[in-house]
Structure formats: C-alpha cells, structure tokens
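Same order as they appear, the protein sequences are chains Z, B, F and U. Residue 954 in the working numbering sits at position 196 of the first sequence, with consecutive numbering throughout. Residue 812 in the working numbering sits at position 54 of the second sequence, with consecutive numbering throughout. Residue 972 in the working numbering sits at position 214 of the third sequence, with consecutive numbering throughout. Residue 913 in the working numbering sits at position 155 of the fourth sequence, with consecutive numbering throughout.
Read the hints as simulated data drawn from the structure, not as lab findings. Hints should not be assumed to be uniformly reliable.
Identical copies carry no separate label here, and so any pair may be met within one copy or between two of them.
Unchecked claim - The calculated lysine-lysine pairs, modelled on DSBU-like cross-linking and capped at a C-alpha distance of 30 Å, are:
id, residue 1, residue 2
1, LYS825, LYS1064
2, LYS825, LYS842
3, LYS1064, LYS828
4, LYS865, LYS825
5, LYS1064, LYS851
6, LYS1018, LYS1035
7, LYS1035, LYS819
8, LYS1064, LYS819
9, LYS909, LYS954
10, LYS825, LYS1035
11, LYS954, LYS1076
12, LYS828, LYS1035
13, LYS954, LYS1064
14, LYS1076, LYS851
15, LYS865, LYS954
Since the model is a prediction, treat every value here as computed from it, not as a measurement.
Number of protein chains: 4
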Amino acid sequence: MIIVMQSHVTDEQIQLVQDRLSSMGMQPHVSRGIERTVVGAIGDERAIDQEALEALQGVEKVVRVMKPYKIVARESHEYDSTVKIGDIIIGGKALQVIAGPCSVETKAQMDAAAEGVVAAGCRLMRAGAFKPRSSPYAFQGLGVEGLEIFKSAANQYNLPVVTELMDVRMLDVFLTHNVDVIQIGTRNMQNFDLLKEVGRTHTPVILKRGLSATIEEWLMAAEYIAAGGNHNIIFCERGVRTYENAYRNMLDVTAIPVLKRETHLPVIIDPSHAGGKAWMVPALSRAAIAAGADGLLVEMHPEPEKAWSDADQALSPKELGVLMGELQGIAAVLGREL
Amino acid sequence: MIIVMQSHVTDEQIQLVQDRLSSMGMQPHVSRGIERTVVGAIGDERAIDQEALEALQGVEKVVRVMKPYKIVARESHEYDSTVKIGDIIIGGKALQVIAGPCSVETKAQMDAAAEGVVAAGCRLMRAGAFKPRSSPYAFQGLGVEGLEIFKSAANQYNLPVVTELMDVRMLDVFLTHNVDVIQIGTRNMQNFDLLKEVGRTHTPVILKRGLSATIEEWLMAAEYIAAGGNHNIIFCERGVRTYENAYRNMLDVTAIPVLKRETHLPVIIDPSHAGGKAWMVPALSRAAIAAGADGLLVEMHPEPEKAWSDADQALSPKELGVLMGELQGIAAVLGREL
Amino acid sequence: MIIVMQSHVTDEQIQLVQDRLSSMGMQPHVSRGIERTVVGAIGDERAIDQEALEALQGVEKVVRVMKPYKIVARESHEYDSTVKIGDIIIGGKALQVIAGPCSVETKAQMDAAAEGVVAAGCRLMRAGAFKPRSSPYAFQGLGVEGLEIFKSAANQYNLPVVTELMDVRMLDVFLTHNVDVIQIGTRNMQNFDLLKEVGRTHTPVILKRGLSATIEEWLMAAEYIAAGGNHNIIFCERGVRTYENAYRNMLDVTAIPVLKRETHLPVIIDPSHAGGKAWMVPALSRAAIAAGADGLLVEMHPEPEKAWSDADQALSPKELGVLMGELQGIAAVLGREL
Amino acid sequence: MIIVMQSHVTDEQIQLVQDRLSSMGMQPHVSRGIERTVVGAIGDERAIDQEALEALQGVEKVVRVMKPYKIVARESHEYDSTVKIGDIIIGGKALQVIAGPCSVETKAQMDAAAEGVVAAGCRLMRAGAFKPRSSPYAFQGLGVEGLEIFKSAANQYNLPVVTELMDVRMLDVFLTHNVDVIQIGTRNMQNFDLLKEVGRTHTPVILKRGLSATIEEWLMAAEYIAAGGNHNIIFCERGVRTYENAYRNMLDVTAIPVLKRETHLPVIIDPSHAGGKAWMVPALSRAAIAAGADGLLVEMHPEPEKAWSDADQALSPKELGVLMGELQGIAAVLGREL
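Please construct the entire structure, taking both the sequences and the accompanying hints into account.
So this is what it looks like as structure tokens:
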C-alpha cells in the first residue's frame, strides 16, 4: 500500500501516518521526492481500511498494490479452472451455449423449447420461474410451479437447468428441486446475504455482472461465494449501462480478456440481455466467442413473438441453429470445441 | 401507446399490430405520414408488455405516453405528502437532517454520537448495524448487537433511528427492535422481494437510489413498496456512478427538481456517500437544500479519523454544527424551516 | 412527429400546439386517449426545432418518428456502399487492416514500420504527424516534417496513408501532400467547421466516434461531411468512455450491427485505442471482425517498448502477423476476404 | 512516480525499469513487499510518458504522484485569482450572473434581451452568433452579422459580451469586434489548436467542460491556454453525459468544491444547458451558488417560446428577476455579493 502525501505536509502528519500503519500491522517506509512525500507500507493490505488512512491529515491519496480478491484470482491458481455440471464441462477447451426462453410460461412452451435447445445442438437449458421485473404490475414469473414445469421439460432430454434465484428464502426450494445451476441476476450481484448462502452450497453458480459493476466489484462478489466454500462459479457478462440508447445495454467485450487475465474461472456472455434485440444476437454472440468467452447464455423461444416477456430479444429455434454453425466455425479457428 | 412502424412496412404488418393491440384490450388507430406510419393505441398501457409489440415485424419503436408509476406519481396526488416519524415530519415546509456514524462500533462511540446529533440540532439519528461491504474480508457490522447498542444510545435523547435492512430474513428483528425508519440501500433498490416485504409493514422507508438507477426505475421501486400498502416512502439520492473519478459518485442534484415534479413523496440527499470525502459534504449539503431537498442523511462521527468504516467521509460534531447554521440560512431564503 | 401533452392539458394549449405546427408547415392531428392527449404531425420533421414545441405550455414530450440523417442513412441507399482508396476497397466483401505506429518519430522507425505493415499482409498504413495530447507539455507530433517522412516510407511499398487532421488550417497541406485518407479524431467528431471543410474535398475520411458520442450524433457528424458532397466516409469505433477503469475505453461492439442497419457506409474498429493495452488487441480485433466490421485501424510499432507515444498499446510486427492469420480464419467463416 | 510490478516479476525486469527511469532522468528506488515489488521514481514526472513505462515487461501499473497541471493549479497559487472584464470582477467575493439568449436572432430580440439582462440586475450578456448544431440542416447562427447586432445591443447598456468561438479562423474577427469574453464550447474543450490560439490573446476565456471530460482533462485544457500566456480563464460546468435520460445532462455540482481545491481560477455554472428545461434552472442555479460557484451563465430570452434555438431552456426576463432575488439571499448566507 502506498500513501501519497499532500504537497505541504508536515513532519508530524507523516509521523501520524507511520504510527497508524504500524498499529495496523504494516511496516511503513518514507520516501521524500521533489514535490511529494510518499509512504510505502509493507504487509497484507487486504485487511486494511483504505479510508481510515485517507482520513488522516496531510494524506492526498492511498494506492493499493495488491489485488483485493484471492480465491478467484489467477494469481492464486495459474491454470484455467472448469465447472462441471453432470458430465458437461464449462471452461477449458469446451464451449457451451445455454439456451432457452426468458420465462417459463406453459408446459407446451417449455416442451417445445427443450426440443429446440437440443435440435440446435445445445447441452444446457435456461428459463426463469422467478422474474425480476421493474414494474410491480408486470408478470412476475410462475414461481415454484414454473420450476416444476421447467425440470419436467428439461428432463425429457437430460438437459441440466439454469434458473435465477432472487430471494434467499427460496434457496432450499431450488436445492430440493435439483436446480443444476443457480443464476444470480444483475440486480443481485451485490446482494451479499444471497451470495453468502449460495456460497454454502456446492451447486454451480452463474454470477451475472451488475448493471454498472466494475470488473473488480464483480470479482469481489465472486469472492464472497468462494469464501463460503463454493468455487463452482461462472462469470456472465450481460451488458452494462452507459449513455448510449440505440440499444439496451453495452456488451463489454473487453471484459472477456480482462477477466481471463484476472481470474481462472470460466466466463460466458449473455448477448440477449445486452443488446435487447434478437437481430443483434448473432453479431454479439460471434464477437463473444471470438474474444475468448467460454460460452453463451442465450434466449430462444419456440415462438418469439408470443413470448410473455422479453419477446423482442429471443431467437427462434431455427435462428439459434444457424448461429451455432457460425460459432462452431469461429471456435475451430481458436482451437476450441462447440 | 404509440407504435412507430419502419419505413417500408407492409399493410399486413400494420394489420398485425392492430390485431395484437386489440387482443391486448387497446384501441388501435392508424396514421399514415410521409415517411412513417404510426399506430396510436388508446387504453391502459401499464399492463401491456412493450417488448411484445417491438417484436412484431415492421415495428421500429414503441413509445409509452403514460407514466408507468401510479401511487407514487404526483399525477395521482397533487400536493406534497409528508412522512411522520413519531412527532417529526419529513416533507412539506419542514427540513430534517438525519445524522450519525456509518457503523455502530461501541456503546461509547454511539453515546457520543447521539450527544453530537442533538448538540448540532438534528432530530433523527442514523447508523449501520448490518453493513454492505464490497469485500467479504471487511468489517460486516455488529449485527443485532449493534441494533441494540444503537437503540439504547438514541433512546437517551428520544432520537428516532434510521438503519439499513439488507436481508429480508431480518425484517422481523427490525420490527421487534422498533427500528423507526428502515433504510433500503443502494445495492437493494431492485431487490424486489425485500421491497415487497417492507411494503407490507407501515414503518417509514428511506429508499436509496441504485448506483446507476434511472429516476424512473427508482420511482418504480417505490411503487413496489407502495403497491404493498406502505406509502411512508422517502427517496434518498446518494450519488450515481459516472466516468468521473475525482470523487466517489456524482451527486445528481437535478434529480431533486425532477422528483419534486414526478412524485408527491419527500426527497432527501446523502451528501456523504455521494462525494466520499468529508470536505465536500458542506458544499453538497448546501446545494441539496438550495435545490429543494426535504432533508439530508449525513455521516457524523465523534472521532472521524478513528471510524471503523467510511472514516474519510464523516463530519465531526463541530463541523456538523457549523453546517446546520448555513443550512438554516438557506432554508430561510426558501421559506422553509430547519 | 408526435407531441404528447401533459395530463391536465387545456383545449387552448392543444390549439396552440396545432397552430404552431401549422405555422411550421406540418399537418396536426389530435388524438385523445384516457390519460393523455397526443398530437401527431405529418410533414418533414427534419427542419423542425423540437425544442420550440417542447417549450409550449402543456407539452410533456415530443417524439420524432423520422431519422434525422438522410444521405448516410441506409433508408436512402439500400445496399452497402464502399470506399475506394486507389485500387483498395473498404466495405462490401473485402476487409482491410490499416496498421502503423501511433506517431511518426524518425525515418528509420517509419521505414521499419512500413516494412512490418507489408510483411503482416496489410494494405494501408497509419501514423500521426499531428498528435492530440491532453497535456501541453507532451510530444505534439513532428508536424509537416512528419507528414513527409510518412509519405516517403509508405511510398516505398505503395501503401496509401491514413493520418489525422486536427486543425482546419492544415487541410491544404494535407491535400498537397497527397494524404490518401484523412482521419478525423475522437476529439473533433463535432468540430463542425472541420467537418464542413473535409466535406468539400473528395478525399476519403475516417470519422472516429467521439468519446461519449451517441450513434445518432455520430451519424449526424457524417451527415455534415456528406452534405458538403464528400460521401467517402468510413466510420471508426474506438471505444467510449464509461465508469469502468480496468482498461481505457469500452469497445462498443454492438455499434457494429447497429451501424450496419442504420447506414450503408463502411465501419471499422480501432482496437488499440479502445482497450489501451497491446495484450487486449487480438481479442478485440477478432471480436470486431466476427461482429461484422469491415476492417481495423490498429497500432503496430517496430519496437513497441520504445515508442514515443502510446507505447503500451502497439503490437509488434510479429504479433500483427499472428493476428492477421486468426482474422483470416474468422473472415472465411463469415464469407469475407482479408 | 510509482511503478507497481506484477507478482511474478524477475530481477531482470526490475533492472530494466530502473534503467529506463534513469535514462529519463528519474532516480529509481526499489521496495520489495510481500506480494509485490514497487519502484519509486524521484524527479519531475510531468515530462515522462507513463505508457512507455507501462509497456515494459513485468510492470503492472504506474501511479503518478504529482498533479499534471502547473499554472492553473492551486498548489502554484494559493489564493483565489479573479478575472477582470472591464470593471467587472469574476471570482473572489463577487458573484456574476451572465444572461442572454441562446442565439442572436434579430436586432429587436437582442435589444429586448439586453434590456431584460439589465432589468434583472445582471452585468454581463451572453448570446451566440456561431452555433454548434448536431444537424447540418439546423440554424447555424447569424455569423458575423450576429456579432454586430449583439455588440450594438449590449453597448446601449455598457454590457460586456460573452460569445462562443468555434472556428480558429474567426479569432481575428472576434478580436476586431471587441468580444469581451471568448467562450470555448463543450465540443471544443479539447480542440487544442483553438486553445493554443486563444492562449496567445489576453481576452478572458470561459472554458466549458467537455460532455464527458474528467476534471483533470478540463484542468489540462485550461493549462493549454495558460501555457500560451493567457491566465484569464473561467471554468464553466454545464452538465455531463450520463445514463440518465430524465433530463438532458447531469449537472456536476461536486465539480465546484473539487475545482475550488484544485485551481485558483473562478468557476461558474451553466444551469440552462445542464438540465435543458427552463423549469429546472432556478433549482440548479441556487444549488450552484450554494455549493460555492462564482457565478452563472444562464439563458434568458425576451419571449422564450419564440426562440429560434433552445427555446425550452430559456427563462423569461421576469423569471430571471425572481431567481436573482433568491440567489442574492443565498449569497448573503455565504458572505458573498451579487
């Protein structure tokens, strides 16, 4: 940790910083430059409250030199780790495309959707039984009944299911219904109590990025889950909020190489929620795979125009099939398999 | 609701939009212009899924004409509403400054803090017993014990207490401990299950704005609470995330006049979390009151440099006292009372 | 154009809006809904000042239904247009990678760079003689001398040159030095006098997106050039400013499919200025081509670690060669040629 | 300057960093911590290219410890400086409200506007003869003729005039027409050639903040002007671009205390372009003055609803008069004069 002092700092102020560092178990080291004095501090800065130092008189800024995350950091685990869902692997050489509708609607819709997932060559299925909706007057999902319809449709094809957990009180229901992958949604990326609870299970978790979360905050959210003992974490970039309104969210494709450098865990992309329009999905999906993502979470609906939610962003089964062909071509260029 | 069609739209596509609108209970009305055809739809658009229309072929965009919020809307309640906490009123002519430390630390700290709150002329007290921290390795708050220390310190001066609820499972504990005002934090503004539960109580709620929430999303989050029956809602702007890194968050002072136009509910400002530095707090506090806010939620610590969290943003009791004097002057210019 | 009136609008206010529209040459049409009255206006809205209508009493918002751009719009030109630079084509089936150093430094550096460009299989060269630097104390480019060194190096390999024009007073110098492609940089995307002047030439223009320009503003900046008669315009996305600071700018990969839908003109990507680090460039470049871009503008320096500016973002000639191989693979999947 | 090395750095890499620093005239100093080695560098870092260091192998990040700006920095000039326009002072104890229409339209409009400016108690007048418009098809201003109409109207009341310079080729015309204050607009904040030229004059300059400029970039733009010899610089915050679309731009009120700490130069606010609606202007104006701004640049039109541009954001002369009264009250609370 490095403490940069203000230009007109006094010796007493420098001494106070040194004393405070020592009391925190850090070893201070003063370096006087031409315009600035800098205090270096040797020790484990992760336990240190940076603001307590910034509050001291004469301190201009405090710069951390260590990464705040440990378990999820590539520094602690040099090689790519993979997450296993039954006999399906996410990460490493294998790419996975997880497809399915936004919401569970009816048994017929889910049966058709499961069939479409398999027909397109995908091996995992997604759908929402509990929906986070910005309006209290909008469809909120079928709830537990939806979970049952989903599992029943997916089981016909041995498809593991991915579904979102919003309420910590529903975790037991998810576990007893054998949800294969728990999705933590954008709005809950920093719902720390929820993160702690899924950290106590061993169920794989897809951790979506918060709408304006920094990559560092996202890694720290994963660290919450990992610190509880659950290391089966998959990052999912789904677009962030910016000033641009020509589409819904801006897919942060740069996050892919950055995460690959910072963490050993798999990274997938949700191209559907990013752009918000089905016609953008193929371009964004190809970009994600080309940039090095380990897979996709994509919306597909047997009849997109009739979907009960997010109708405008779902691919048809046929469109998904075409896209899979393109992605296989790109995967081959990169020496990967889909 | 207005549906703008693409430039080369066909009659069949226009007909399909009309049919879909009719099936949704809306009355369609086609208007053909020079470059674009527009379909107007008369009826209650709040129950309509905008995306289901955008998914139809030939549709370029859908524009809502109604406000999506009802109970919290000024349209439904022309005059300012107030929130009563015991005999203290927030909103209307009265301004309130809610002060106290970031975290409950010790009995001595809270006793000194409560004394400082009263000495500065404030009438409500804030402190956190459960802390949302971006790192799992940081101090997470004293929990229920903290709640008890807080209530005990505040009771000496009959100060109502404001404290943050993060976990829906703790709501009963908050109610049995007579928390006077429940704070919903930035990270939970769209934790819809939490909103629904506090909506079932009658305890006043301070609803902080999400880190990158639009004003409309924020109003809709309040609508979740209001729809449950709890109309005692206070909006709290606390800075939003932008590209600027000269300070922590950008205080959205424009949100004050906008909210005053859109909702009848009170609006307060948290200048401490916005800027993130104690030296910015007086300027931001004065700006907020001058712009028409109904009060402040401000961090004050008996010994700021020793605070266990957010040390760098707390005022000392003496600084708070000076600020209160300035705010009283500005309140008088605006015909309000503090 | 659609004018949505406020909820408690009077008949006089509606009449005033109609009168104003008529005086602007638009044909008004009133539609009364349950909660809102809407006035539609038929006519060419591009010449209308939207704010003059928003300023009228009782008006809530004004919604445009036409695109504000004409010449650059896909609506006016259904098929992809291409830009020819000598016998090299940008757009259509052909992809182009424009490579070279950030700044012209020395004759030796530029000779080596030109050799590297050709060796990697690229057909156009970039370098800056006039540099926009945020500090007045930083290296500002070699100026006209740099232009001469650049042309001389490029001419050895018949490479057309791309270089940035910052000052409208230098346009004649660019023309007499036979600059093949004029680059308008990020900071000048809305330097309207500069846009007008390059619009009077026939030299191809690469128009970089402003740091926080919307896609619509960018299209309008191109419309300024096109309105002057120069239709040889190439859009270049180079990352936009967001809250994220894990890298320099966020590459907006979604802008590629959106531009492809909105305009007939070619779209290229600058992966070097986007991420700001050489190690991110391959991933971003692959993503751009996979998303449908017509080419890249990429920094390559014969000895990156010794570059006088942007050292950390340039590829070495060898790295560029490897990247070209990957891009050729992706191009083939999409049925394109590089 | 501090260079933080990666975790698995080699001795050779550290040596290379030291050698490079020495060759740049800096004195390196190595400090080995538990997880990271840090190289401190003593010397004038302003002339150093940070990226050249970041490009070296084994370097994780480079942290500057000095401010990049000198002449405009408060560090170099402890007390507030003021800018004199004739006998009118901006900065120090005195507040100034500069008012007038967006565009010069007609002689009658400008005469009425000048009368309104004086009647409201303002002492400087603003209006635009050259208008930066996002559409090439929109009214671009009356040009030199507008300048003459403006000067003639203002001269009747001895009002100094403030007007925007967009094109460097028009600077001489501005000087021969005795423009009292040159405004550099948002889109030209980093038009470095324009900044250099106004830096060679002694005419006071209002430097508006770029639409998404950081405060540091803005200070550096001012440094460009100051480095040329012109220290008569006034910063003008006018709202920045964010994700929020409930209004036009977000007024960055926090920039006021931050600038006051970083620079000795005056700071004013443009509340009209920030919010974009006349009804927001009073709240934003009061907030700005309460936060410590040295004045305002506000749009006032004799007949707002008939303005040729920005109609929806201009105050009427009467509204401006009422606002002036409120601002005088707030100024008095802060011990300032308006």
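*When no copy is specified for LYS865 and LYS825, does a C-alpha distance of 30 Å or less occur within a copy, between copies, both, or neither?*
Neither: 47 Å inside a chain and 34 Å across chains, both beyond 30 Å.
_Treating 30 Å as the Cα threshold, decide for LYS865 and LYS954: within, between, both or neither._
between (33 Å within a copy, 28 Å between copies)
*From the Cα coordinates, with 30 Å as the cut-off, is the pair LYS1064 and LYS819 best called within, between, both, or neither?*
between (55 Å within a copy, 17 Å between copies)
*Copy assignment of LYS954 with LYS1064, given that the CA separation must stay at most 30 Å*: between (37 Å within a copy, 29 Å between copies)
*How would you classify LYS828 and LYS1035 at a CA-CA limit of 30 Å: within, between, both, or neither?*
between (37 Å within a copy, 24 Å between copies)
*Same-copy or cross-copy closeness of LYS1018 to LYS1035 [CA-CA at most 30 Å]*: Both. Shortest intra-copy (27 Å) and inter-copy (14 Å) distances satisfy the 30 Å Cα cut-off.
*asked:* My question is about LYS954 and LYS1076: at a cut-off of 30 Å on alpha-carbon distance, are they close within one copy, between copies, both, or neither?
replied: neither (40 Å within a copy, 39 Å between copies)
*asked:* Regarding LYS825 and LYS842, is the shortest C-alpha distance of 30 Å or less found within a copy, between copies, in both, or in neither?
replied: within (27 Å within a copy, 46 Å between copies)
*asked:* As a check of your reading, is LYS825 near LYS1064 (CA-CA no more than 30 Å) within one copy, between copies, both or neither?
replied: between (47 Å within a copy, 25 Å between copies)
*Since the copies are identical, ignore which copy is meant and state whether LYS825 and LYS1035 lie within 30 Å (CA to CA) inside a copy, between copies, both or neither.*
Close across copies (19 Å), not inside one copy (37 Å); limit 30 Å.
_Status of LYS828 relative to LYS1064 across identical chains (alpha carbons, at most 30 Å)_ = Result: close only across copies, 27 Å inter versus 45 Å intra.
*Is it within, between, both, or neither for LYS1064 and LYS851, if the alpha carbons may be no more than 30 Å apart?*
neither (37 Å within a copy, 36 Å between copies)
The structure fails to meet hints 4, 5 and 11 from the earlier list, while all remaining hints are met.
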